[in-house]
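Enquirer: Below are the chains, spelled out letter by letter.
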Amino acid sequence: MNLQLVLEQILNGLQLGVMLFLMAAGLTLVFGIMNLVNLAHGSLYMVGAYLATTFYRWTGSFVLGSLLALPATLIVGVIVEVVALRTLYERDHLDQVLATFGLILFFNELIAIIWGRVGLFTDLPQWLSGSLDFGGGFSYPLYRLLIVMLGFAVALLLWYVVARTRIGMLVRAGASNRMMVAALGVNIRLLYTLLFGFGAALAGLAGAMAAPIYAVQPGMGEQILIQVFVVIVIGGIGSIRGAFAGAIIVGAVDTLGRAFLKPALATLISPTAAQAAGPALASILIYLLMALILALRPEGLFPARGH
Amino acid sequence: MAEALLLARGLCKSFGALRASDNIDFDLLEGETHAVIGPNGAGKTTFIGQLSGDLHPDAGTIRFAGEDVTSLRAPARARRGFARSFQITSIYREFTALDNVALAVQARAGHSFRFWRRAREEDVLRDPARRVLEEVGLGARAGVLAANLAHGEQRQLEVAMALATGPRLLLLDEPVAGMGSDESQRMVEFLSRLKGRQSIILVEHDMDAVFSLADRISVLVYGRIIATGTPQEIRANADVRRAYLGDDVQLAWAHAERR
Amino acid sequence: MRSRARKLVLLAMLALLVLVPPAAALLHQLFYVDLLRRVMIFGIAAVSLDLILGYGGMVSFGHAAYLGVGAYAVTVLAYYGIHDGLLQWAVAIGGSMLVALAIGAVSIRTSGIYFIMITLAFTQMLYYLGISLDVFGGDNGMRLPERSQFFGLINLNNGTEFYYLVLTILAAVVLLVQRLVESRFGMAIRAAKSNEARSRAIGFSPYPYKLAAFVISGGICGLAGALLVNHTAYLTPDFMQWTRSGEILFMVILGGVGTTAGPVLGAFTLLVLEDVLSGWTEHWQIILGPLLVLAVLFAKRGLAGLLPGGRGG
Numbered sequence: 001m002n003l004q005l006v007l008e009q010i011l012n013g014l015q016l017g018v019m020l021f022l023m024a025a026g027l028t029l030v031f032g033i034m035n036l037v038n039l040a041h042g043s044l045y046m047v048g049a050y051l052a053t054t055f056y057r058w059t060g061s062f063v064l065g066s067l068l069a070l071p072a073t074l075i076v077g078v079i080v081e082v083v084a085l086r087t088l089y090e091r092d093h094l095d096q097v098l099a100t101f102g103l104i105l106f107f108n109e110l111i112a113i114i115w116g117r118v119g120l121f122t123d124l125p126q127w128l129s130g131s132l133d134f135g136g137g138f139s140y141p142l143y144r145l146l147i148v149m150l151g152f153a154v155a156l157l158l159w160y161v162v163a164r165t166r167i168g169m170l171v172r173a174g175a176s177n178r179m180m181v182a183a184l185g186v187n188i189r190l191l192y193t194l195l196f197g198f199g200a201a202l203a204g205l206a207g208a209m210a211a212p213i214y215a216v217q218p219g220m221g222e223q224i225l226i227q228v229f230v231v232i233v234i235g236g237i238g239s240i241r242g243a244f245a246g247a248i249i250v251g252a253v254d255t256l257g258r259a260f261l262k263p264a265l266a267t268l269i270s271p272t273a274a275q276a277a278g279p280a281l282a283s284i285l286i287y288l289l290m291a292l293i294l295a296l297r298p299e300g301l302f303p304a305r306g307h
Numbered sequence: 308m309a310e311a312l313l314l315a316r317g318l319c320k321s322f323g324a325l326r327a328s329d330n331i332d333f334d335l336l337e338g339e340t341h342a343v344i345g346p347n348g349a350g351k352t353t354f355i356g357q358l359s360g361d362l363h364p365d366a367g368t369i370r371f372a373g374e375d376v377t378s379l380r381a382p383a384r385a386r387r388g389f390a391r392s393f394q395i396t397s398i399y400r401e402f403t404a405l406d407n408v409a410l411a412v413q414a415r416a417g418h419s420f421r422f423w424r425r426a427r428e429e430d431v432l433r434d435p436a437r438r439v440l441e442e443v444g445l446g447a448r449a450g451v452l453a454a455n456l457a458h459g460e461q462r463q464l465e466v467a468m469a470l471a472t473g474p475r476l477l478l479l480d481e482p483v484a485g486m487g488s489d490e491s492q493r494m495v496e497f498l499s500r501l502k503g504r505q506s507i508i509l510v511e512h513d514m515d516a517v518f519s520l521a522d523r524i525s526v527l528v529y530g531r532i533i534a535t536g537t538p539q540e541i542r543a544n545a546d547v548r549r550a551y552l553g554d555d556v557q558l559a560w561a562h563a564e565r566r
Numbered sequence: 567m568r569s570r571a572r573k574l575v576l577l578a579m580l581a582l583l584v585l586v587p588p589a590a591a592l593l594h595q596l597f598y599v600d601l602l603r604r605v606m607i608f609g610i611a612a613v614s615l616d617l618i619l620g621y622g623g624m625v626s627f628g629h630a631a632y633l634g635v636g637a638y639a640v641t642v643l644a645y646y647g648i649h650d651g652l653l654q655w656a657v658a659i660g661g662s663m664l665v666a667l668a669i670g671a672v673s674i675r676t677s678g679i680y681f682i683m684i685t686l687a688f689t690q691m692l693y694y695l696g697i698s699l700d701v702f703g704g705d706n707g708m709r710l711p712e713r714s715q716f717f718g719l720i721n722l723n724n725g726t727e728f729y730y731l732v733l734t735i736l737a738a739v740v741l742l743v744q745r746l747v748e749s750r751f752g753m754a755i756r757a758a759k760s761n762e763a764r765s766r767a768i769g770f771s772p773y774p775y776k777l778a779a780f781v782i783s784g785g786i787c788g789l790a791g792a793l794l795v796n797h798t799a800y801l802t803p804d805f806m807q808w809t810r811s812g813e814i815l816f817m818v819i820l821g822g823v824g825t826t827a828g829p830v831l832g833a834f835t836l837l838v839l840e841d842v843l844s845g846w847t848e849h850w851q852i853i854l855g856p857l858l859v860l861a862v863l864f865a866k867r868g869l870a871g872l873l874p875g876g877r878g879g
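Protein sequences appear in the order of chains A, B and C. The opening position of the first sequence corresponds to residue 1 in this note's numbering, with each subsequent residue numbered one higher. The opening position of the second sequence corresponds to residue 308 in this note's numbering, with each subsequent residue numbered one higher. The opening position of the third sequence corresponds to residue 567 in this note's numbering, with each subsequent residue numbered one higher.
Check the hints yourself; a few may be wrong.
Claimed, not checked - According to the in silico footprint, chain B covers these stretches of chain C (three or more CB under 8 Å from chain B):
1. 609-618
2. 769-783
What the hints assert, rightly or not - Which stretches of chain C does chain A cover? Using the computed rule of at least three CB atoms under 8 Å from a CB of chain A, they are:
3. 671-684
4. 812-822
Hints in this document: simulated from the structure, not taken from any laboratory. Glycine included, every Cβ here is placed at the ideal spot set by N, Cα and C.
Please take these sequences and the hints and turn them into a complete structure.
Expert: The following block contains the structure:
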């Protein structure tokens, strides 16, 4: 186990972490403020990935394709909110879960009809496909590095908007007291729709970024969705800070576990046993972490204030 | 002298900067009815929450029948003989009145890890429940869904559930709140029949009810008990009058005094 | 009156189910025996979920976990040459109860949306665990070497015998759950669902009762898993896929939460609907998805609400 490998895996963990954060931020905002559980959030991630890939093919520009995917996913999100989810705000969580479960089936099949069941693969443009050399024999793929930086930039921007702007104030006030915000003359309905669209765009961004490095295929949204649930449970529901901390922790634990658990186990037990147990343990590590944190802090690490 | 049935010493509870309970001493003698009054926001709900075990005090102790119960949660205290009614009616709305009370009897009758026999066919649960319903005047309403009872009847049902647990201590949180004058008069009459047989802590806004039922009254203002005494003593207490000045309770006060 | 009507409906359903194999044989449509056996197995799973959902208010989005544990228990034992059905099924039930105890102990401390997400996440964990078990086929799963054996008394390779065994178990489970929810235990969990603060105030600690219900429910669902793997004769981690949990949840909702026959009706409706739709088009889920959304939005009371005496109890 050398230092380069460790550094590389840490960066990989950060890269997974910021993608999880982009997903978790939208989901937790929508839950914290609109009290809506949206299982179909993963579908928006999938839609973002497919649209980005398609736009890239049409325009020939990766950046333009990804940029176009954001408003497009936002629009898809707004349509979903207006057509299906709006009626669910007053329903209990069970109804929301079931209805959005139905939406997932719909979206997965729709994607399969349009693009087929076989995954799409995208090659990065030349200028993004290289690695950055840090010297000392350590280099890291440029694109993944870009994801990390973009993720942190979005996190910073989100923090600024929620903590420092009028919109953010409304959003925070809306979370604790809907009646009050309505009394201020704010159109809650519109605010909710926009907020949902914004969350969709974040998911779309995560999807667009994922497209060149993960398989783009129907059902890709659910895999990440359940990891995002783990993030939210660990971080504390409805809290952006918690989503960020949870995402980085889950990203790191999952990545490092997959990379180092097997060799680490091999020093304790026989290599063949480690060969079998390592991957199994690595794949359930984040869930064990979730159980541990729940046992110690049932509300998560950063429970939202005012709850 | 024997120790009081309930003995609270130095109870403190803060929510952020708000001191909702500020070093409260309180006791209840066996068979006594001890009322707690105070203006809105005085901390009555917080106080009763600590007594029932729903809130854990920041400091202080609560002893019940000689045992320290401070660290026990609500269900454990209930099994030791605490029973309460809630300020906002709290019943099993989807069950009949008789079911509600039978559940209270069942809670008293030891653990409920009994999986086969139908609870609704167990006379040991249904008979005592029927008796208590008769006692509070709901005998004819036994088969009605609790949600469909009138508001006053729901309050009666709540008291019935408290009684059905065979309590040593009744915590009544505004039992006549929201009742019409007829209903509230009936409730007061009923409670006065319990008086002496039951040890009761009564938190109430209605001064008529308080002055006609209480053996002793404690006045809670801004989280502190500013006075404890017999109804006569409390009426004569200058501090108490000042605390209530400007509150619309003043009117009820004058009314209570005329009686 | 109502309970009498309910009994009649249940007996009518039972009679219909008893008549399926001879009717299918008469019409040379043995396929239906297979379909309804599957329906009844999922009916058992749905009834087990309804015990905690309909009566305990616990929305488990992870009941596929116990299907999986039950199926793995049978297959793993068979893989090592143990084919005794009683032992296999006992391990399936016991193992599921243990897993339910572990998952329940953590998740019942929470409520609402946390509970939903946590049960979902733990089931996904078991799913990944199943995938990573290369000995038992990993991702692809493996054939069940031999169906469970019962000293030659019942032959599960005979479709009709297996059918009647499943029917008997379903009837027993429905009866058991019905007695459970009317017992003191059942009243205690229903009371906690109705008003937890009131329950605590009269001296019920909801936690142990809810946990016990969760464990019983897991055990019953584990038995359904043991049946399911005998039905398919093939084990796959897909038994534990999260969509499976969603389907079981939908069966309960479609049929009617907190009803005796509802979950079985729901299993029937969903599986037959899937069967019919998938006969029409490869892309049947694009129809099923919106149908499910509409069902949630407009048919809250479930199918059992349409039957005489279906509600209540």
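Enquirer: State for each hint whether it applies.
Expert: Quick rundown of the hints versus the structure:
no.	hint	result
1	609-618	violated (count 0)
2	769-783	holds (count 5)
3	671-684	holds (count 10)
4	812-822	holds (count 4)
Comparing the model with each numbered hint stated earlier shows that hint 1 is the single one that does not hold.
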